[in-house]
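J.: Chain by chain, the residues:
Number of protein chains: 2
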Amino acid sequence: MADKIAGIIGGMGPEATVDLMERIIHFTSASDDRDHVHCVVDNNPQVPSRIKALLEGGGESPGPCMAEMGRKLEQWGVDFLCIPCNTAHNYYQDVREAVSIPVLNIIELTARALRTLCPQAKKAGILASPAVRLTRLYETPCRALGLEPVYASPVMEQQLLAIIKKIKTGDTSASVYKQYEEVVADVCGQGADVLAIACTELGILHEAHYPCPVVDAADALARAIVGIAKGTLPFPER
Amino acid sequence: MADKIAGIIGGMGPEATVDLMERIIHFTSASDDRDHVHCVVDNNPQVPSRIKALLEGGGESPGPCMAEMGRKLEQWGVDFLCIPCNTAHNYYQDVREAVSIPVLNIIELTARALRTLCPQAKKAGILASPAVRLTRLYETPCRALGLEPVYASPVMEQQLLAIIKKIKTGDTSASVYKQYEEVVADVCGQGADVLAIACTELGILHEAHYPCPVVDAADALARAIVGIAKGTLPFPER
Numbered sequence: 001m002a003d004k005i006a007g008i009i010g011g012m013g014p015e016a017t018v019d020l021m022e023r024i025i026h027f028t029s030a031s032d033d034r035d036h037v038h039c040v041v042d043n044n045p046q047v048p049s050r051i052k053a054l055l056e057g058g059g060e061s062p063g064p065c066m067a068e069m070g071r072k073l074e075q076w077g078v079d080f081l082c083i084p085c086n087t088a089h090n091y092y093q094d095v096r097e098a099v100s101i102p103v104l105n106i107i108e109l110t111a112r113a114l115r116t117l118c119p120q121a122k123k124a125g126i127l128a129s130p131a132v133r134l135t136r137l138y139e140t141p142c143r144a145l146g147l148e149p150v151y152a153s154p155v156m157e158q159q160l161l162a163i164i165k166k167i168k169t170g171d172t173s174a175s176v177y178k179q180y181e182e183v184v185a186d187v188c189g190q191g192a193d194v195l196a197i198a199c200t201e202l203g204i205l206h207e208a209h210y211p212c213p214v215v216d217a218a219d220a221l222a223r224a225i226v227g228i229a230k231g232t233l234p235f236p237e238r
Numbered sequence: 001m002a003d004k005i006a007g008i009i010g011g012m013g014p015e016a017t018v019d020l021m022e023r024i025i026h027f028t029s030a031s032d033d034r035d036h037v038h039c040v041v042d043n044n045p046q047v048p049s050r051i052k053a054l055l056e057g058g059g060e061s062p063g064p065c066m067a068e069m070g071r072k073l074e075q076w077g078v079d080f081l082c083i084p085c086n087t088a089h090n091y092y093q094d095v096r097e098a099v100s101i102p103v104l105n106i107i108e109l110t111a112r113a114l115r116t117l118c119p120q121a122k123k124a125g126i127l128a129s130p131a132v133r134l135t136r137l138y139e140t141p142c143r144a145l146g147l148e149p150v151y152a153s154p155v156m157e158q159q160l161l162a163i164i165k166k167i168k169t170g171d172t173s174a175s176v177y178k179q180y181e182e183v184v185a186d187v188c189g190q191g192a193d194v195l196a197i198a199c200t201e202l203g204i205l206h207e208a209h210y211p212c213p214v215v216d217a218a219d220a221l222a223r224a225i226v227g228i229a230k231g232t233l234p235f236p237e238r
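Just so you know, the sequences run in chain order A and B.
All residue numbers for the first sequence refer to UniProt numbering, where the first residue is 1 and numbers rise by one.
All residue numbers for the second sequence refer to UniProt numbering, where the first residue is 1 and numbers rise by one.
Quick caveat, the hints were computed from the structure, so don't treat them as lab data.
Everything numeric in this text was worked out from a predicted model, so none of it was measured.
You may find that some hints are simply not true.
Repeated chains share a single entry, so a pair holds when one copy, or any two copies, can fit it.
[As the list claims (entries may be wrong)] Cross-link-like lysine-lysine pairs, in silico, DSBU-like; alpha carbons within 35 Å at most: (1) LYS178 to LYS72; (2) LYS123 to LYS178; (3) LYS72 to LYS122; (4) LYS230 to LYS178; (5) LYS52 to LYS178; (6) LYS230 to LYS52; (7) LYS123 to LYS165; (8) LYS123 to LYS72; (9) LYS52 to LYS165; (10) LYS4 to LYS178.
Chain A extracted, bound-state conformation (with noise of 0.2 Å):
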């Protein structure tokens, strides 16, 4: 059977999304190009800020333009689709609406890799920008699963936030990572037993040292279209 094509809407940010590419590269078992999976990826830098649209207010819905690249996606020929940014899955609906071909959900990939994982957790400290707590993304998918989400406390929060705009920026130096670090101590004092970084700007930063199990949601979707594309995953329903 020929390999599947994955449709990435990406640029949110466009680090993250060549991120991603290279995780499904480094997860491919390849002895030369032809072994490799297919992608067709519309790195956009214009989709319009889930930040601002979530936290900051007034901003544009980043949703219409979510969905007007997953149909046009469609329309090239990707067999499925997926969204390399936690935060966008706000609008996941949106572009699930818009297509009549699967669009793989980051969020219930990892919640179910955590599940996995520590088949024992009972805390899930979810790393993240705090547009994913307030919209409460990862709520049904891990409590679904017996797990617990658990969040950086408000000043640790805003921390978290600086760090995934500074990283945006391009910076991803060492006091960023210190930053980061004191970020992951602070979710780990909420009683986290496993840790998702849930966040694709987070994923970049691959030196961070984490003191529990993590599953990286950038990992988690990576290997899901990789799995996918190559049949040794069931091709999802739509």
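We have chain A; now place chain B onto it with these hints.
T.: Relative to chain A, chain B alone:
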């Protein structure tokens, strides 16, 4: 004036395409997502092998596949195209004739960058697959600027091809670097006073050392993409 959208005919190989996207981000001055370049990328690992078609014989021509990728990207709505693979520029005309938008030429951009970097240079060492020498891709653009292209000796050229194939499997180990630097020394021994990394796979070896000034073709392409997209370079004629 609105930014221009870049279309990338990618997958030759997939890692080199991702590497180009990284360079585009790196060369863009950005304080938020919106400042980045909008790229639409067909990262297609199923383009027929350039090495098989040009060196090993009997392989299907990549030209028609590349032309079709260009057509689909033009239909999608990109403003200009590029091909992040030196060897694939043997089929540059196939793409150019298939579309009505400009197609950047990595070979010409690299030759100009060599001349700009070293106005006095006489011999340009071309670090590339043997197919690039055989197809004489660098001859006309280099000689037009008073540069004589020189290449690795036969044994070292085969070593370089083996290195390129290893990189395509994801191998960028210390032994690959060591073998690569042997080839670089050999090319410099041919009298090169400036070097071109004329294979996007070789550009992935970011930590390699060079004994003379060097232009990375992928950088020359990435800088042109950013300049054209952001309007700091003139939009190329068709």
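J.: Confirm or reject each hint.
T.: Hint check results:
| no. | hint | verdict |
| --- | --- | --- |
| 1 | LYS178 to LYS72 | neither (41 Å within a copy, 45 Å between copies) |
| 2 | LYS123 to LYS178 | within (24 Å within a copy, 48 Å between copies) |
| 3 | LYS72 to LYS122 | neither (41 Å within a copy, 48 Å between copies) |
| 4 | LYS230 to LYS178 | between (38 Å within a copy, 34 Å between copies) |
| 5 | LYS52 to LYS178 | within (26 Å within a copy, 49 Å between copies) |
| 6 | LYS230 to LYS52 | between (37 Å within a copy, 24 Å between copies) |
| 7 | LYS123 to LYS165 | within (27 Å within a copy, 46 Å between copies) |
| 8 | LYS123 to LYS72 | neither (39 Å within a copy, 47 Å between copies) |
| 9 | LYS52 to LYS165 | within (12 Å within a copy, 45 Å between copies) |
| 10 | LYS4 to LYS178 | neither (40 Å within a copy, 37 Å between copies) |
Taken one by one, the earlier hints fail for this structure at numbers 1, 3, 8, 10, listed in ascending order.
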